[in-house]
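*Asks:* Residues per chain are reported as follows:
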Amino acid sequence: MLKNKMALKRIDGRKANELRKITAKVGIIPNADGSAMFSFGNTVAIAAVYGPRMLHPQHMQNPATGILRCNYDLLSFSVHDRKKPGPSRRSQEISKVTEWALLPVLDLKEFPNTVVDVQIYILQADASTRTAGINAASMALAHAGIPMKNLVCSVSIGKLDKDLVIDVNKAEEDFKDGEGATDMAIAKIANSNKFTLMQLDGKVQPEVIPEMLKMANKACEEIYETQEKALKAVLE
Amino acid sequence: MSAMEISNLTKETLAKMFAQGKRFDGRKLLDSRDFKIEYEVSNCAEGSARVRLGKTEVVVGVKMAGDKPYPDSLDKGNLMVSGDFLPMASPRFEAGPPKFNAIELPRLIDRAIRGAEMIELDKLVIKEGEKVWTVFIDVYPINDDGNLVEAASLAAIAALKSAMMPALDKDGNVDYDKKAKDKLPLAKDIAPISITFYKLGDALILDPTREEEEACEAKVTFGISKKGKDYLINSCQKSWEIVFTEEEIAKMMQILPEKFDELTEKLKKFL
Chain A
1 MLKNKMALKR IDGRKANELR KITAKVGIIP NADGSAMFSF GNTVAIAAVY GPRMLHPQHM
61 QNPATGILRC NYDLLSFSVH DRKKPGPSRR SQEISKVTEW ALLPVLDLKE FPNTVVDVQI
121 YILQADASTR TAGINAASMA LAHAGIPMKN LVCSVSIGKL DKDLVIDVNK AEEDFKDGEG
181 ATDMAIAKIA NSNKFTLMQL DGKVQPEVIP EMLKMANKAC EEIYETQEKA LKAVLE
Chain B
1001 MSAMEISNLT KETLAKMFAQ GKRFDGRKLL DSRDFKIEYE VSNCAEGSAR VRLGKTEVVV
1061 GVKMAGDKPY PDSLDKGNLM VSGDFLPMAS PRFEAGPPKF NAIELPRLID RAIRGAEMIE
1121 LDKLVIKEGE KVWTVFIDVY PINDDGNLVE AASLAAIAAL KSAMMPALDK DGNVDYDKKA
1181 KDKLPLAKDI APISITFYKL GDALILDPTR EEEEACEAKV TFGISKKGKD YLINSCQKSW
1241 EIVFTEEEIA KMMQILPEKF DELTEKLKKF L
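Sequence order for the protein chains is A and B.
Position one of the first sequence corresponds to residue 1 (the working numbering), numbered consecutively onward.
Position one of the second sequence corresponds to residue 1001 (the working numbering), numbered consecutively onward.
If we strip away everything but chain A, and leave its shape as in the complex, we get:
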């Protein structure tokens, strides 16, 4: 079956299971209750958290719990062809799956009728933007002091022809040889086998999916360490 041994070389010289350089910083937006930056190489995401605060419109309020509301988008100049400002079907979908990726670790029961707003923007895009956004948002929520059971870690797993690789960049996303490129965005609760996001496009045999999930484990451990370090740094 598929091995981590690569039949082809990655365009930027990385090993199959090697992330791009990841950096994280917490506390980047003073006005926000919590904020963070996360980058995979050239993909840079920032996130701000406001709340818990009273939810308007009122009819959306839930007396049993606070709710989470995420908004993800690309800045207009974060991609080569200028992105028209304003929400698209793509950004609305990513916002929603980001919400679902983060919700399982949150406990907002203490804050009935409120909302926790998470704003995520991509400053520079080189693929895997939603996963960078989720990593940033997870840190920003912790920074805001929202009750959380754990952090959420997110990474993309690619299949280029027959080879599995971690943390796909734009050049790899456009890979065309052999079986072509498949890209799967994954998020999981840190140090668990519980997946909170799975999104895939391409062509992949069913038996390969569990391997892709396993491959995310090691990458997520690295991401978790980086997130934790950045969160501790802000306390000092």
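Honestly, the hints are just simulated from the structure, not real lab data.
On a predicted model such as this, the values are computed, not experimentally measured, just so you know.
Hints may contain errors.
Stated by the list, open to error - With a Cα cut of at most 30 Å, we get these calculated DSBU-like pairs of lysine-lysine:
#, chain 1, residue 1, chain 2, residue 2
1, B, Lys1266, A, Lys203
2, B, Lys1226, A, Lys9
3, B, Lys1036, A, Lys203
Please build the complex by placing chain B on the supplied structure of chain A, with the hints as guidance.
*Replies:* This is chain B only, laid out in the frame that chain A set:
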């Protein structure tokens, strides 16, 4: 009455029943309802089909129009899948800008069809670099009794398989007075189906009714196709706020090819 949220009591009862492998309508957890397909919902469409999956009903139409190619695919036709959740189909659907479900469904259908390369888009060029065909697939639920995505994906396949290329006049515009002769070019024997697993407690179920669907806490949709002997997952999307474990996903990967074959057999009767 029909506009109320599902009650805790119904949800608890369903959770208990699912844990014992039972359902209100007597099906097993992974059993699908029977479906029927009819064609020619509209004779103005290039192709159209109606799917009745239990009480769920979805109509899909294919329209085509000459268009500019996308800058990154000058030598290919365009595919556009949209949908509208009409308020007639459910007391849950409201008029106005599309809610998330109405955005998600066409995107799931789009990715499954695109990923499986069902439509031969490279054969839909009218003048390379200047004019290509855009294939519009429009999905309208008529009655929502659960599992809309699967019903829509079956209807989309049927509508595409029945679609004819519109004729062109000498200026290259669509001429509806001329009779269409050619079928829409499709890859041979490729028919991607979107199958959704739903989860309540530890139970996984397929093809829920609306009531069951509303009780469930997580779902994940897979677009699956078969090329030769190989099954291929072309799209996947997890939705809602409860997690799936590694073991659950592995189990789904075992079930999926079997389910795909079962649905494909039923589908063939109508193609």
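*Asks:* Hints first: check each against the structure and report whether it holds.
*Replies:* Hint by hint, here is what the structure shows:
Using a Cα cut-off of 30 Å, the hinted pair lysine 1266 (chain B) and lysine 203 (chain A) holds, with the two alpha carbons roughly 24 Å apart. A C-alpha spacing of about 29 Å is found between lysine 1226 (chain B) and lysine 9 (chain A), which places the hinted pair at or below 30 Å, so the restraint holds. Taking the CA atoms of lysine 1036 (chain B) and lysine 203 (chain A), the gap is about 29 Å. The hint holds against a cut of 30 Å.
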